[in-house]
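Please build the complete structure, drawing on both the sequences and the hints.
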Amino acid sequence: EDKVVQSPLSLVVHEGDTVTLNCSYEVTNFRSLLWYKQEKKAPTFLFMLTSSGIEKKSGRLSSILDKKELFSILNITATQTGDSAVYLCALNFGNEKLTFGTGTRLTIIP
Amino acid sequence: SAVISQKPSRDICQRGTSLTIQCQVDSQVTMMFWYRQQPGQSLTLIATANQGSEATYESGFVIDKFPISRPNLTFSTLTVSNMSPEDSSIYLCSVQTGPGGYTFGSGTRLTVV
Chain A
1 EDKVVQSPLS LVVHEGDTVT LNCSYEVTNF RSLLWYKQEK KAPTFLFMLT SSGIEKKSGR
61 LSSILDKKEL FSILNITATQ TGDSAVYLCA LNFGNEKLTF GTGTRLTIIP
Chain B
1001 SAVISQKPSR DICQRGTSLT IQCQVDSQVT MMFWYRQQPG QSLTLIATAN QGSEATYESG
1061 FVIDKFPISR PNLTFSTLTV SNMSPEDSSI YLCSVQTGPG GYTFGSGTRL TVV
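Sequence lines, in order, name chains A and B.
In this text, residue positions in the first sequence follow the working numbering: the first is 1, and each later residue adds one.
In this text, residue positions in the second sequence follow the working numbering: the first is 1001, and each later residue adds one.
If you're looking for bench data, these hints aren't it; they were derived computationally from the structure.
Any given hint could turn out to be false.
Unchecked claim - Going by beta-carbon spacing under 7 angstroms, a handful of chain A positions derived as facing chain B: (1) Lys41; (2) Ala42; (3) Pro43; (4) Phe45; (5) Phe100; (6) Thr102; (7) Gly103.
Unchecked claim - PhoX-like mimics (lysine-lysine), calculated; alpha carbons at most 20 angstroms apart, straight line: (8) B:Lys1065 / A:Lys40; (9) B:Lys1007 / A:Lys41; (10) A:Lys57 / A:Lys37; (11) A:Lys67 / A:Lys3.
The C-beta atom is built at its ideal place from N, Cα and C for all residues, glycine as well.
If you want it as structure tokens, here you go:
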């Protein structure tokens, strides 16, 4: 079974801190890696990564993929309470199905 | 990107009964995906619904338990049959909305008592 592991499982930080979330995987035959933010029920799309070493950036969030070391990271700088959510990474193997990671629950304390 | 209307938003059901969840997309899509998220867990794909053919189920999920309909390119339903407390989860539908991008419905939180 394709395995996607995220770490840490949960993280509690103070507002203004910077956090780095990790997504590790064991397979190499995927088309893209995606990051999602899940606040209540529906995940919302953050990034899609296809090439190793190219950083994607959106405001305070950024992400990068390392295909050699088989991981991706999601960075959030100057965290705000609105960043509190579960962050999910997922692999797309090109058959349009997504395999999701275990998720990281991020809590930002005011 | 596509907008998906999913309902019901939540429900509390008696064990042994069935619940049908609906997803309506504002554009035509070839495939729709149904996911389950058990409490504290990540999303697990239940099945892929294609219009005009039977749904394709993932390992561990069967049609008798999770029958799916896909009558046209904008609509799909998932039924959770003969429910037990272990079926208490969030159920989500999803469609691909561009290269690599996926949009999710608002989710259905199901509690079985």
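Hint check:
1. Lys41: holds (3 angstroms)
2. Ala42: holds (4 angstroms)
3. Pro43: Result: holds, 5 angstroms to nearest chain B Cβ.
4. Phe45: Since the shortest Cβ distance to chain B is 6 angstroms, the answer is holds.
5. Phe100: holds (4 angstroms)
6. Thr102: holds (5 angstroms)
7. Gly103: Holds. Min distance 5 angstroms.
8. B:Lys1065 / A:Lys40: violated (26 angstroms)
9. B:Lys1007 / A:Lys41: Answer holds: lysine 1007 (chain B) to lysine 41 (chain A) is near 12 angstroms, not above 20 angstroms.
10. A:Lys57 / A:Lys37: holds (15 angstroms)
11. A:Lys67 / A:Lys3: holds (15 angstroms)
Of the numbered hints stated above, the single one contradicted by the structure is hint 8.
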